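Engineer: Each chain, letter by letter, is given below.
Number of protein chains: 2
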Amino acid sequence: MTKRIYNFSAGPATLPLPVLEEAQKDFVDYKGAGMSIIEMSHRSKQYDAVHQETKAAVKRLLNISDEYDVLFMTGGASTQFAFIPMNFCTNGKADYVNTGSWSKKAIKEAKIQGKSVNVAASSEDKNFNYIPTSFKFSDDASYVHITANNTIAGTQYKTFPKTKAPLMADMSSDIMSKTFDVDQFGLIYAGAQKNIGPAGVCLVIVKKALLETIPEGLPTMFSYKTHAAEDSLYNTPPVFAIYIMGLVMKWLEANGGIAGMQKKNEEKAKILFDRIDKSDYYKPTVAREHRSLMNVTFRLPSEDLEKKFITEATAAGLSGLKGHRSVGGCRASIYNAFPKEGIVKLVEFMDAFEKAN
Amino acid sequence: MTKRIYNFSAGPATLPLPVLEEAQKDFVDYKGAGMSIIEMSHRSKQYDAVHQETKAAVKRLLNISDEYDVLFMTGGASTQFAFIPMNFCTNGKADYVNTGSWSKKAIKEAKIQGKSVNVAASSEDKNFNYIPTSFKFSDDASYVHITANNTIAGTQYKTFPKTKAPLMADMSSDIMSKTFDVDQFGLIYAGAQKNIGPAGVCLVIVKKALLETIPEGLPTMFSYKTHAAEDSLYNTPPVFAIYIMGLVMKWLEANGGIAGMQKKNEEKAKILFDRIDKSDYYKPTVAREHRSLMNVTFRLPSEDLEKKFITEATAAGLSGLKGHRSVGGCRASIYNAFPKEGIVKLVEFMDAFEKAN
Chain H
1 MTKRIYNFSA
11 GPATLPLPVL
21 EEAQKDFVDY
31 KGAGMSIIEM
41 SHRSKQYDAV
51 HQETKAAVKR
61 LLNISDEYDV
71 LFMTGGASTQ
81 FAFIPMNFCT
91 NGKADYVNTG
101 SWSKKAIKEA
111 KIQGKSVNVA
121 ASSEDKNFNY
131 IPTSFKFSDD
141 ASYVHITANN
151 TIAGTQYKTF
161 PKTKAPLMAD
171 MSSDIMSKTF
181 DVDQFGLIYA
191 GAQKNIGPAG
201 VCLVIVKKAL
211 LETIPEGLPT
221 MFSYKTHAAE
231 DSLYNTPPVF
241 AIYIMGLVMK
251 WLEANGGIAG
261 MQKKNEEKAK
271 ILFDRIDKSD
281 YYKPTVAREH
291 RSLMNVTFRL
301 PSEDLEKKFI
311 TEATAAGLSG
321 LKGHRSVGGC
331 RASIYNAFPK
341 EGIVKLVEFM
351 DAFEKAN
Chain P
1 MTKRIYNFSA
11 GPATLPLPVL
21 EEAQKDFVDY
31 KGAGMSIIEM
41 SHRSKQYDAV
51 HQETKAAVKR
61 LLNISDEYDV
71 LFMTGGASTQ
81 FAFIPMNFCT
91 NGKADYVNTG
101 SWSKKAIKEA
111 KIQGKSVNVA
121 ASSEDKNFNY
131 IPTSFKFSDD
141 ASYVHITANN
151 TIAGTQYKTF
161 PKTKAPLMAD
171 MSSDIMSKTF
181 DVDQFGLIYA
191 GAQKNIGPAG
201 VCLVIVKKAL
211 LETIPEGLPT
221 MFSYKTHAAE
231 DSLYNTPPVF
241 AIYIMGLVMK
251 WLEANGGIAG
261 MQKKNEEKAK
271 ILFDRIDKSD
281 YYKPTVAREH
291 RSLMNVTFRL
301 PSEDLEKKFI
311 TEATAAGLSG
321 LKGHRSVGGC
331 RASIYNAFPK
341 EGIVKLVEFM
351 DAFEKAN
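Protein chains in written order, with my numbering: chain H, 1 to 357; chain P, 1 to 357.
Honestly, the hints are just simulated from the structure, not real lab data. All figures in this text were calculated on a predicted structure; none of them were measured in a lab. Some hints here could point you the wrong way.
Pairs involving identical chains hold if they fit within one copy or between any two copies, as the list cannot separate such chains.
Calculated lysine-lysine pairs in the DSS-like style (CA-CA distance at most 25 Å, straight line) [stated by the list, open to error]: (1) K45 x K307; (2) K308 x K105; (3) K225 x K111; (4) K308 x K45; (5) K3 x K25; (6) K207 x K105; (7) K225 x K263; (8) K25 x K136; (9) K278 x K264; (10) K25 x K307; (11) K3 x K225; (12) K307 x K207; (13) K3 x K45.
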């Protein structure tokens with residue numbers, strides 16, 4: 001049996017073992033084609049089947065209507081930060097909600113392009129440890145941008161704000177972890193490397209009607225229209241990353257779909273938060289109602305103890321528990337593919353560590 | 001033993017079997033880490049070793065001096081078409097040589113950005129079946145752009161033009177296939193999926209002095225400066241594609257390096273061109289002195305025979321011989337990893353087909 005450690009990394013992150021095993025088995029000779037999936041023309045029938053089936057599974061899982069296009073893009077969420085104002089900030093004004101580092105980066109890219117940004121709400125006053133509940137949206141914003149889950153701060157929207165302007169969401173760290181209604185959104189994007197695949201592909205779900213508003217004259221690769229018109233095959237797509245995403249979709253469908261994931265994710269997070277809340281030794285950094293089910297952040301009584309905790313946990317096969325370098329502390333990222341057993345093991349370790357230190 | 005067909009695809013294309021086998025072996029449990037390479041944080045020690053070693057191998061193989069940065073980017077050559085004018089067309093003027101479809105796309109992107117393009121030479125008059133030998137470069141161009149090898153037309157520069165302005169080259173389809181002096185260039189870029197890896201990563205080699213000329217205020221992800229300053233780790237890089245590129249670099253070093261590849265590539269192309277030139281049945285599309293060693297293009301007496309040729313070749317385990325949809329005919333792409341035995345087999349097939357048809 002393959003040795004597996006419990007990988008709490010924030011991303012790239014744990015993927016389902018059956019996905020890895022299938023990809024390994026088929027890697028050199030893809031389903032009898034006599035070549036690897038990474039050697040195949042992106043115009044071949046075999047790859048096209050992967051491309052179409054991955055897209056169809058995304059649509060089934062998220063119950064996406066035909067009013068939306070599903071795209072596979074590259075450059076990660078960081079590139080989407082620039083593409084969104086470039087494509088959709090048609091009147092030069094946009095609303096952003098600032099809930100942490102990634103929101104700030106998105107805002108920065110809109111400003112670089114000379115857009116007038118209205119920060120409709122911010123949780124910066126309390127170091128991003130909550131999700132704002134009241135918003136001052138403009139009357140004339142081209143769109144409203146939010147970060148659905150804050151990987152670094154460990155906060156997550158439980159419901160999304162109602163907006164007049166199209167709502168654009170960075171869902172990199174919680175897409176497909178819980179059910180939600182895609183129809184609320186103008187555009188959703190998600191770097192794959194947390195919940196739905198490896199690094200190298202960014203899933204984009206965009207309302208077709210919005211594509212019509214994109215200005216002409218953008219560089220070809222920077223326009224969502226190009227990718228929608230060419231079914232994400234204008235140029236060579238990141239074949240392997242899309243293939244793995246497809247296997248993850250298959251795994252999701254075989255494991256209860258998004259509703260099934262949500263149930264498991266709530267259960268997993270509860271085990272960990274209950275332990276954190278049990279004693280004063282571990283301190284949660286986020287108020288109960290805004291806690292992320294994906295990135296569980298907590299502190300220990302001192303930075304020295306945090307260091308010791310992380311080192312000893314790593315030695316015990318619990319890897320990736322260090323908080324983001326910008327905030328410190330501890331963080332357990334427990335995405336869809338992270339197994340409950342790993343959380344049980346972490347809780348046991350936390351009990352023992354508290355007793356010993 | 002794994003079944004392997006001979007894959008003449010223009011890209012994504014054949015990769016060395018030892019590379020595929022090593023990646024397969026290590027896929028689920030990367031060198032005892034207890035996780036896959038695609039599950040690993042891009043800030044981990046293990047991935048950093050892959051990143052640094054891949055970069056170092058690229059520098060060794062191409063004998064790149066410290067005056068250059070080596071970057072791993074995404075979005076393929078198509079995105080570079082837009083980045084180059086955006087970053088380097090500082091006075092609004094650039095020279096381009098037009099040697100085919102990809103050159104035209106590069107020119108189009110410069111024009112979209114409002115740049116004044118001087119086409120210093122073109123082979124469009126003869127359907128791109130040669131490489132121009134005289135050039136009308138401007139005195140004040142910001143740079144000169146060329147396409148080193150024309151995947152579709154089957155032509156290739158044997159020597160590069162001397163230019164006053166920095167020379168920028170798209171080497172997607174012949175990088176590392178023959179020795180050349182990097183010092184002639186301001187910037188070189190290459191989508192990996194032909195000679196050096198899978199789709200999903202684009203290798204960029206850029207003169208450090210040129211980075212200083214990049215205007216401030218570009219979107220963060222669109223500036224080469226960002227990627228150079230952060231060692232291609234500003235955001236999550238396409239981990240798996242870089243890892244495979246690293247394995248290909250290792251294979252190149254173990255197989256005689258670039259000089260060794262060149263010798264083999266010349267030998268391989270000679271076998272095929274000798275067969276094409278042997279009778280009038282197969283017609284080369286390119287004059288002898290401009291023929292690409294990577295993409296060997298030829299026609300048969302009729303389109304019907306070409307169709308039959310491709311179908312029967314595929315059935316005989318010789319896949320991907322169809323010419324690009326924009327030009328028709330036949331094309332054998334024989335990049336570094338394509339084995340000589342496959343060419344011998346193709347020549348035998350060509351002999352038999354000519355006799356029978």
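Engineer: So, for every hint listed, does it hold in this structure?
Structural biologist: Status of the hints after comparison with the structure:
In the homo-oligomer, the alpha carbons of K45 and K307 lie at most 25 Å apart only across protomers (17 Å), although the nearest pairing inside one protomer, at 51 Å, exceeds that limit. Taking CA atoms no more than 25 Å apart as the test, K308 paired with K105 passes in neither setting, with 32 Å inside one copy and 55 Å between copies. Taking the shortest Cα distances, K225 and K111 sit within 25 Å of each other both inside one copy (23 Å) and across copies (19 Å). For the identical chains of this complex, K308 and K45 are inter-copy neighbours only, at 19 Å across copies versus 53 Å inside a copy, given an alpha-carbon limit of 25 Å.
Taking the closest pair of Cα atoms, K3 and K25 come within 25 Å of each other both inside a single copy (17 Å) and across two copies (14 Å). Taking identical chains as interchangeable, the C-alpha atoms of K207 and K105 lie at most 25 Å apart only when both belong to the same chain, with a minimum of 24 Å there against 28 Å between chains. For the identical chains of this complex, K225 and K263 are neighbours neither inside a copy (36 Å) nor across copies (44 Å), given an alpha-carbon limit of 25 Å. For the identical chains of this complex, K25 and K136 are neighbours neither inside a copy (53 Å) nor across copies (54 Å), given an alpha-carbon limit of 25 Å.
In the homo-oligomer, the alpha carbons of K278 and K264 lie at most 25 Å apart inside one protomer (21 Å), although the nearest pairing across protomers, at 68 Å, exceeds that limit. In the homo-oligomer, the alpha carbons of K25 and K307 never lie at most 25 Å apart, since the shortest distance is 39 Å inside one protomer and 34 Å across protomers. With identical chains, the CA atoms of K3 and K225 are never at most 25 Å apart, being 45 Å at best within one copy and 40 Å at best between copies. Within a single copy, K307 and K207 get their C-alpha atoms no closer than 46 Å, and across copies no closer than 41 Å, so neither meets the 25 Å cut-off.
Taking the shortest Cα distances, K3 and K45 sit within 25 Å of each other only across copies (19 Å), while inside one copy they are farther apart (36 Å).
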